[in-house]
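**Q** This is what each chain is made of:
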Amino acid sequence: MEQKDTVLVVPCSGIGKVHGLISRESAYEITDNVAKGQADTLCLALLVKGDEEALAKVRNSRCVTIDGCAKYCAKKNIEIAGGEVAESFMVNDALKNHRGEQPGTATKLTETGWTVVREIACSLANGIEGGEK
Amino acid sequence: MSQETTKVGIISCSGEEIPEGTISRLAVRRVLELLRPGNTVTICLPLFLAGNQGEQEFARTHPTITVDGCDKMCAKFGTEKYSGPVSAALVVSEILKGNCPGCRSTRDRTDADKEAVWTVSERVAAEVDAILSHGENCCSSGGSDDDGSCACMQPLPGMKIEVNGQPVTIAGLALIFDHLTESGLAPDDSSGDKLLETVRIYHSIEPNEEQGYRSALISAYKTYRRNS
Chain R
10 MEQKDTVLVV
20 PCSGIGKVHG
30 LISRESAYEI
40 TDNVAKGQAD
50 TLCLALLVKG
60 DEEALAKVRN
70 SRCVTIDGCA
80 KYCAKKNIEI
90 AGGEVAESFM
100 VNDALKNHRG
110 EQPGTATKLT
120 ETGWTVVREI
130 ACSLANGIEG
140 GEK
Chain P
145 MSQETTKVGI
155 ISCSGEEIPE
165 GTISRLAVRR
175 VLELLRPGNT
185 VTICLPLFLA
195 GNQGEQEFAR
205 THPTITVDGC
215 DKMCAKFGTE
225 KYSGPVSAAL
235 VVSEILKGNC
245 PGCRSTRDRT
255 DADKEAVWTV
265 SERVAAEVDA
275 ILSHGENCCS
285 SGGSDDDGSC
295 ACMQPLPGMK
305 IEVNGQPVTI
315 AGLALIFDHL
325 TESGLAPDDS
335 SGDKLLETVR
345 IYHSIEPNEE
355 QGYRSALISA
365 YKTYRRNS
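Chains R and P are the protein sequences, given in the same order. Sequential numbering of the first sequence, starting at 10, is according to the working numbering. Sequential numbering of the second sequence, starting at 145, is according to the working numbering.
Here chain R stands alone, though its shape is the one from the complex:
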């Protein structure tokens, strides 16, 4: 089996709702903080556009996707590109633990929003650190 040392964290970055911002910030929390040096991210639009370099990167990495809605743009586009989705996360699953709280808007997160980001990042980082390479 091909060895895949790189982990790519790909958020949907949906622009319409807070869920998209949470997905995006969760990816940065992983790549820049909790799993710094162990994971990278990728421009989803570049991949969807069919950029050869992006396609190669995805096919040679374990991918973790974070989606804000049931359209699953990040997960589906990684799969369409021939990538391996090692783990797929839906922002709503994390928000269920914060019912009644306001996570923010598509532009700005509240303290609750940042807490959710941290929770998602820590949850996914465990898989990245313990993932099979």
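Please note that the accuracy of each hint is not assured.
The calculated DSSO-like cross-link candidates involving lysine-lysine, where the alpha carbons are at most 27 Å apart (straight line), are [said to hold, decoys possible]:
(1) P:K216 x R:K80
(2) R:K45 x P:K304
(3) R:K105 x P:K366
(4) P:K225 x R:K85
(5) P:K366 x R:K80
(6) R:K85 x P:K216
(7) R:K85 x R:K105
(8) P:K216 x P:K241
(9) R:K66 x P:K258
(10) R:K45 x R:K66
(11) R:K66 x P:K304
(12) R:K117 x R:K66
(13) P:K258 x P:K304
(14) R:K117 x P:K258
(15) R:K66 x R:K105
(16) R:K80 x R:K105
(17) R:K80 x R:K66
(18) P:K338 x R:K80
(19) R:K80 x R:K117
(20) P:K258 x P:K241
(21) P:K225 x R:K80
(22) P:K338 x P:K366
(23) P:K338 x R:K85
Since the hints were made in silico from the structure, they are not lab data.
Got chain R; can you put chain P on it based on the hints?
**A** Structure of chain P alone, referenced to chain R:
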């Protein structure tokens, strides 16, 4: 219900790898929320690029501005591939003339980042104004000679519905209804979830507005199907 002039579509690249992607996303949000809230709408670029015909139809029939972080211009080329020429194509790195701050996360934003978002958003708003006023910049980047059509095609009529007693115009609602009709959505009370899910892709609906929109959309969809 009545027909009304529609809005300008703005599509941001939101590139995750570079700070300019964050700036493009925030600048577009600023235009949508603060600078031109009544005249603009957006759609997620990955959804648009990978979406079905109904999703891509939206940009095809709207005057559209793309905002890209870098010269790879994923938003512009992706939009033009599926929907024809855009009315304006902006690139953050060009607008900022290489003076882009370095933050990708919104948590780490500095005054320089905020200033950059302001600069880009004002440029986007100016393009919106140019399109709406049919100014000379309207066709400056993307007019096509191939089919004889102008990039700043006539705006798509919106449809007005009444949400909790307040009139709300939703751009392209007739197209959305047509698409859902073709998908087999029945014009009855069971259509609420699907209507809400589809419309909110193109039109912002806050959680506390859902019930009002649901009722209004069901009613409008029933009326539309009766009259078509």
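**Q** Given the proposed pairing of K258 (chain P) with K241 (chain P), does the C-alpha separation stay at or below 27 Å?
**A** This hinted pair holds, its Cα atoms lying about 16 Å apart.
**Q** Check whether the Cα positions of K66 (chain R) and K258 (chain P) lie no farther apart than 27 Å.
**A** Violated, at about 32 Å.
**Q** Holds or violated: K66 (chain R) and K304 (chain P), Cα atoms, limit 27 Å.
**A** 46 Å, violated
**Q** Given the hinted pair K338 (chain P) and K80 (chain R), is their Cα-Cα distance within 27 Å?
**A** 13 Å, holds
**Q** Starting from K80 (chain R), check that the Cα of K117 (chain R) is at most 27 Å away, please.
**A** Within the cut-off at roughly 22 Å; holds.
**Q** Is K225 (chain P) close enough to K85 (chain R), meaning Cα to Cα at most 27 Å?
**A** 20 Å, holds
**Q** Quickly compare the C-alpha distance for K85 (chain R) and K105 (chain R) to 27 Å and report which way the hint goes.
**A** 23 Å, holds
**Q** Within 27 Å, alpha carbon to alpha carbon, are K117 (chain R) and K258 (chain P)?
**A** 13 Å, holds
**Q** K216 (chain P) and K241 (chain P) were given as a pair; does the straight-line alpha-carbon distance stay at or below 27 Å?
**A** 16 Å, holds
**Q** Are the Cα atoms of K117 (chain R) and K66 (chain R) separated by 27 Å or less?
**A** 30 Å, violated
**Q** Within 27 Å, alpha carbon to alpha carbon, are K66 (chain R) and K105 (chain R)?
**A** Violated, at about 33 Å.
**Q** Verify the proposed pairing of K225 (chain P) with K80 (chain R), using a straight-line Cα cut of 27 Å.
**A** 21 Å, holds
Checked against the numbered hints above, the structure violates hints 2, 3, 9, 11, 12, 13 and 15; every other hint is satisfied.
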